[in-house]
Amino acid sequence: MSGPSIMETLFQRTLEDLIKGIRLQLIGESAFISKAMEEIRKEIKSTDLQTKSIALQKLSYLSPLHFVDMSWAAFHCIECMSSPRFAQKRIGYVAVSQSFNEHTPVLLLITNQLRKDLGSVNEFDAGLALDCLANIATVDLARDLTPEVFTLLGSSKVSVRKKAIGVILRVFEKYPDAVRVCFKRLVENLDSPDSRILSAAVGVFCELASRDPRSYLPLAPEFYRVLVDSKNNWVLIKVLKIFAKLAPLESRLAKRVVEPICDHMRRTGAKSLMFECIRTVVSSLSEYESALKLAVLKIRELLMDEDPNLKYLGLHALSIVAPKHLWVVLENKEVVIKSLSDSDSNIKFESLRLVMAVVSESNVVEISRVLLNYALKSDPEFCNVILGSILSACSRNVYEMVMDFDWYVLLLGEMSRIPQCQKGEDIENQLIDIGMRVRDARPELIRMARSLLIDPALLGNPFLYRILCAAAWVCGEYVEYSTNPFELVEALLQPRTSLLPPLIRAVYLQSVLKVLTFCIHSYLRNKSSGLFPFTDNLEGVVSESMSKGKTQEASDLPTPAQDDVFNPRISDDNPYEDLPLENNGEDSKFDSFEKNGFTRESIVNLLNLIELAVKPLLGSLEVEILERAQNVLGLIELIRQEFPDQLSPRKEILAKEESEVSKLIRSMNDAFCEELGPVSVTAQDRVRVPEGLVLEENLKELDTICGDIQPSTSSFFAPRYGERIEESLASDLQNGEDSEPSRESTSLLIEHRKRHGLYYLPSSASNDYPLANDLRSGENDRDETEDFVRLTAQSLAPKKKPNYSKPRPVVVKLDEGEVTLSVASKKPSSKYDLLSGVIQDVLQETNLMDKSSRKGKEKVSSDVPQGSKENVQDPEDPRREKSGLRKSKHRSHGKERKHKDPDQVDGKKDGKSERAREKSSHRHGRKKTRQRAEGPLNVSAQTPVIPDFLL
Amino acid sequence: MIHFVLLISRQGKVRLTKWYSPYSQKERTKVIRELSGLILTRGPKLCNFVEWRGLKVVYRRYASLYFCMCIDQDDNELEVLEIIHLFVEILDRYFGSVCELDLIFNFHKAYYILDELLLAGELQETSKKTVGRLIAGQDALVETAKEEANSISNMIAQATK
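In the order they appear, the protein sequences are chains B and V. Under UniProt numbering, think of the first position of the first sequence as 1, with each following residue one higher. Under UniProt numbering, think of the first position of the second sequence as 1, with each following residue one higher.
If you're looking for bench data, these hints aren't it; they were derived computationally from the structure. A portion of the hints provided could be inaccurate.
The list that follows gives simulated cross-link-like pairs (lysine-lysine, DSBU-like), each with its CA atoms no further than 30 Å apart [said to hold, decoys possible]:
id: 1; chain 1: B; residue 1: K231; chain 2: B; residue 2: K333
id: 2; chain 1: V; residue 1: K128; chain 2: B; residue 2: K157
id: 3; chain 1: B; residue 1: K20; chain 2: V; residue 2: K18
Pairwise CB distance ranges, derived in the manner of DEER restraints [unchecked claim]:
id: 4; chain 1: B; residue 1: L108; chain 2: V; residue 2: Q25; range: 17 to 27 Å
id: 5; chain 1: V; residue 1: G54; chain 2: B; residue 2: V365; range: 49 to 59 Å
id: 6; chain 1: V; residue 1: T41; chain 2: B; residue 2: V121; range: 31 to 41 Å
id: 7; chain 1: B; residue 1: D229; chain 2: V; residue 2: P22; range: 18 to 28 Å
id: 8; chain 1: V; residue 1: L55; chain 2: B; residue 2: T682; range: 42 to 52 Å
id: 9; chain 1: V; residue 1: R33; chain 2: B; residue 2: P456; range: 24 to 34 Å
id: 10; chain 1: B; residue 1: P495; chain 2: V; residue 2: Q25; range: 27 to 37 Å
id: 11; chain 1: B; residue 1: L376; chain 2: V; residue 2: P22; range: 40 to 50 Å
id: 12; chain 1: V; residue 1: R33; chain 2: B; residue 2: S34; range: 52 to 62 Å
Ideal placement from N, C-alpha and C gives every residue a C-beta, glycine not left out.
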């Protein structure tokens, strides 16, 4: 056996060989590594520890840098780690701390080895063990090794002791009961004269305090001493962090530390310390005006600095202070705004965050303008971040901030026109949302929607199709607010719409149908009210233009050059306006349209135009387009049947129209006029489950059925609802002509329903499901929806104030619920609770012990009644000053003594203040015991009792 | 606290990793890939902090190497920059004007030095001298052991075992 072993040892590749090999290999890195791994697997099984350790070393090199798994070598790690030779041991330890985790099966085997090494006389062995424990501590390890770590906390070797202090953090984390054993010694280390030990201890407390500050309030005097005495910036930064956590809990403490912190801020040359002071002040001591002013001054310095790091930190500090003291940000507004165009994206984002923090009702207009300008200039990514934050800020709490919706609608339009804009979906949602919520904004909305529709730039950007979709929907839905519906139809039917994806074109067509219905309805309404005067010359014009339209239709049909058609129509528009229209109708709603005149001619023109543009779509392969085009044409066909006759004998027409067309049109218009309201997100929950409906617990089966159906992104609203009715109406129209396909689909639906009947609501009606073409059932449906809209958001009924976009109470409540939930979940986990509970216990015990050990000495002071305690403690303060005075006196002594003195004095001073502190803590201990005697002990209730050490 | 330390070369090669928070092997790979993509692409005159997954990564470039440390949101970024600098200075002292090759070939040494500097994600030693002394002490220990192991008598003893 010895043969191969020595051969292996002599010819084994060392780590250096391996590294060289990797750098020089010709066979490809991964191939080389897998070859090396083979070697390692062989070598690591060697009985010779040297060979094994080198193999392990190579493995621990490959693992982190070339992502090779090394968990299989766990046992070999342990073997190396227990080697008596330091070199091998070290390799073993490195490998262990690299690869072990809580689930490593052989973890239990290392407890003894760690224990042995922790107790080793060799400081390096102990150091290795401590490093390792810091990395891989588990509950078991922490529990079993607590005594050893405790011993090392008092080690005479500084390097070991400070490591033990560092490790204690992990031990506490895993095994809170260790606090009972170790805490006192840990606190004692805060008094250590050695700066390294102090630094380590403060570091541990900083980390502990960040998790549960309240438990460490009793230690405030120790920290205060460090804050005042220490000259070490590393330590000071940590102490400041501790105070940043403690100060908000105890106002007296805050009062006490604010001066020293300001001192540090003024004096220090180190930017890191200065920044920490600033952060402490702005986050925890911002109610102290002088301190805050000083901090703001320093922040300004940072902001003006050339160094991007400092600038970033300055902005960061501003964002901390912004929620409480907005004026600080406003004071530095210029710098913040300027930073929006910084080359560093971090700085840009930070300043954007700041700007958004400043936004309020009063300045939202101005800020949006500025931001939009920056968005235009900046790169696409940041541009969209800006747009996103404007959109989300303005829509927050149902457009809380927006006072003037006309302005906001225009702003949305402007955003859509920014070339890099990719926020199509958000803008789409907001356009529809505003349409539904804010009645007063609708006229402006529809104006803007039209201008978007006719903007050629938008059609070229696929990100913005969604916006166009919303604009088209708005045009159709709110056509009654439009000043000129004919323009809308033109915009909706412009030839370039062929660039759009079919689903969006379908929306366009649907809107055309709505506008058409609206126009004809208004026309008929005017006429039937007998206020429409037919002038002779009109008749002439009508027939003329009719024939004109028809000829053009005939000639241009294959190549729809609609521009030609549009132009005459637009020019035709003017003569109508000159017509004497006397119908200043009773219905004031349509006043504005009267000007445009729903004259018969204009209607005929409209019909021609629509027919011309829509007819080619009958050849479309897209079902959605095809169907809607059919609907539109079917309706036109129907109206046409009436119109030619109309031209000659008037009275007849009137009677006839009244009977058929107008009835139809009226019902369609009624359907379209139905207001769509926003639907609460919780609406679904409010629908009562009908009796007899068995809801399956697990709806997995549903996945197979609707697996390929994507959930609608705008499920928040119910815009589709309107379309459904339209469709049903349209199919009503078509029924006569092509009932064949509809019957087919009906039978398909019935079949589907039979198969999956389980998932349908039971209907009492004789029909299996509400027929698609049954208007009444549609109305019922609508009523239902209305009902639960009313149910969920009764206050939603539109009012006439600009901010009548009422916050939906249900939603708001829901949000609150979420907030409280998240707060609850933010609470420290039970582990930390446990830890803090133990620490509080220990602190009390410590105080008790102090008391009992010094009972004799301090009898007098312990008799002092509680009320006068503060008076007794006050002397601590002057004494400090005195010692300071004395120090200066000493300084003025002879030169030859100058070198020695400060040390002595410091020592003295330390001693004194320490004693004072002990005294007070002892007194405090008494107070606590008294409380204990008075009431049942409640650990968590005990904590708020703030010690008076300092104050 | 510091969650991890990464040394990445300008070409995206990892030179050293040290994890103070539990990350599985898979996560480690992902983190490294993500961060090198994030950091290596940053221009030279930008600030040294990157916000990442609710944490902050402080990095600093020395020649062709990026030293990165990941810290909590409320840790002091400038302090961490100084820690990085301290680490580099110690390396410099130890290797004598350190370069990337030193770290490639003395991967473990860099590791030991880092272990003396940081413990459990906290700075444990701020004195360059002390770290140097501790490392030298360990090296001496290893050297004597090596000499022993390589002595002829030891080899004979092993061969005749």
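A quick look at each hint next to the structure:
1. B:K231 <-> B:K333: violated (36 Å)
2. V:K128 <-> B:K157: holds (18 Å)
3. B:K20 <-> V:K18: With a Cα-Cα distance of about 23 Å, the restraint between K20 of chain B and K18 of chain V holds, given a limit of 30 Å.
4. B:L108 <-> V:Q25: 17 to 27 Å: Check passed, 22 Å falls within 17 to 27 Å.
5. V:G54 <-> B:V365: 49 to 59 Å: Roughly 33 Å apart at Cβ, these two residues miss the hinted range, so it is violated.
6. V:T41 <-> B:V121: 31 to 41 Å: Check failed, 51 Å falls outside 31 to 41 Å.
7. B:D229 <-> V:P22: 18 to 28 Å: violated (37 Å)
8. V:L55 <-> B:T682: 42 to 52 Å: violated (35 Å)
9. V:R33 <-> B:P456: 24 to 34 Å: Distance hint for R33 of chain V, P456 of chain B is violated at roughly 43 Å.
10. B:P495 <-> V:Q25: 27 to 37 Å: violated (59 Å)
11. B:L376 <-> V:P22: 40 to 50 Å: Holds: the Cβ-Cβ distance is about 46 Å, inside 40 to 50 Å.
12. V:R33 <-> B:S34: 52 to 62 Å: 21 Å Cβ-Cβ, so the 52 to 62 Å window is violated.
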